[in-house]
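> Work out the full structure, taking the sequences as your base and the hints as a guide.
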Amino acid sequence: MESQKLTHLDKQDNPTMVDVSAKQITHRTATARSVVVLPDEVLQLLVDGELQTKKGAVFQTAIIAGIMAAKKTGDLIPLCHPLGMDNCKVTIELSAENEVVIECTASISAKTGIEMEALVGASIAALTVYDMCKAMSHDIVIKETKLIAKTGGKRDFKRA
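Each residue of the sequence shown is one higher than the last, beginning at 1 in the working numbering.
None of these hints come from the bench; they were simulated from the model. For each residue, glycine too, the CB sits at the ideal point set by N, CA and C. A hint or two may mislead.
No more than 25 Å apart at the CA atoms, straight line, and that leaves these computed lysine-lysine pairs for PhoX-like [what the hints assert, rightly or not]:
| hint | residue 1 | residue 2 |
| --- | --- | --- |
| 1 | K55 | K72 |
| 2 | K23 | K111 |
| 3 | K134 | K5 |
| 4 | K111 | K71 |
| 5 | K154 | K134 |
| 6 | K71 | K146 |
| 7 | K154 | K89 |
| 8 | K23 | K158 |
| 9 | K89 | K71 |
| 10 | K55 | K134 |
| 11 | K154 | K143 |
Restraint ranges, calculated between C-beta atoms of paired labels, are given here [what the hints assert, rightly or not]:
| hint | residue 1 | residue 2 | range |
| --- | --- | --- | --- |
| 12 | K89 | R159 | 12 to 20 Å |
| 13 | H81 | L45 | 34 to 42 Å |
| 14 | K11 | F157 | 22 to 30 Å |
| 15 | E50 | K72 | 39 to 47 Å |
| 16 | H8 | D156 | 18 to 26 Å |
| 17 | G74 | L94 | 14 to 22 Å |
| 18 | P39 | K154 | 21 to 29 Å |
| 19 | D139 | A22 | 47 to 55 Å |
Structural data, given as structure tokens:
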């Protein structure tokens, strides 16, 4: 079925970058979410919505790391186009279940989507939280990373 054809394979089934030269430039956005579960002994150190460690402010550092990572997506994922994002925002909140919810929203006016940038940004922010808290406990779980929504391109997507 043509709609299920993998886009990163050529006619000989070799890996290839998708040719976007004939596509129209459209405004595109994507939001991804990563959820980190911290053990109680780490959560007890939360003061005014931030965790302070010897390495510094955990959430502030994770926000910067997520933005930096999103900007490097084309260097990290082999067949991604290198993109100059118009914007990238990372937010970190504690949920009612005491889980750290990280969202990365990226936007661009381009010929290709930006969901990989949002996914990389959320993922690296989550890994940064892990890295900065692991001295207090290794019982940290990065529970999930998923695309929440995307607009622009062939089809929009919004997770229910």
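> Give a verdict on every hint.
Going down the list of hints, with the structure as the test:
1. K55 / K72: holds, 23 Å
2. K23 / K111: Holds, at roughly 6 Å.
3. K134 / K5: Roughly 41 Å separates the two Cα atoms, so the pair is violated.
4. K111 / K71: holds, 17 Å
5. K154 / K134: violated, 41 Å
6. K71 / K146: holds, 18 Å
7. K154 / K89: holds, 24 Å
8. K23 / K158: holds, 23 Å
9. K89 / K71: holds, 11 Å
10. K55 / K134: holds, 11 Å
11. K154 / K143: The given pair, whose Cα atoms are some 30 Å apart, is violated under the 25 Å limit.
12. K89 / R159: 12 to 20 Å: For R159 against K89, whose Cβ atoms are near 18 Å apart, the range 12 to 20 Å holds.
13. H81 / L45: 34 to 42 Å: With a Cβ separation near 40 Å, H81 and L45 satisfy 34 to 42 Å, so the hint holds.
14. K11 / F157: 22 to 30 Å: Holds: the Cβ-Cβ distance is about 28 Å, inside 22 to 30 Å.
15. E50 / K72: 39 to 47 Å: Since E50 and K72 have Cβ atoms about 25 Å apart, the given range 39 to 47 Å is violated.
16. H8 / D156: 18 to 26 Å: holds, 21 Å
17. G74 / L94: 14 to 22 Å: Check failed, 32 Å falls outside 14 to 22 Å.
18. P39 / K154: 21 to 29 Å: Given range 21 to 29 Å: violated, Cβ gap about 42 Å.
19. D139 / A22: 47 to 55 Å: holds, 50 Å
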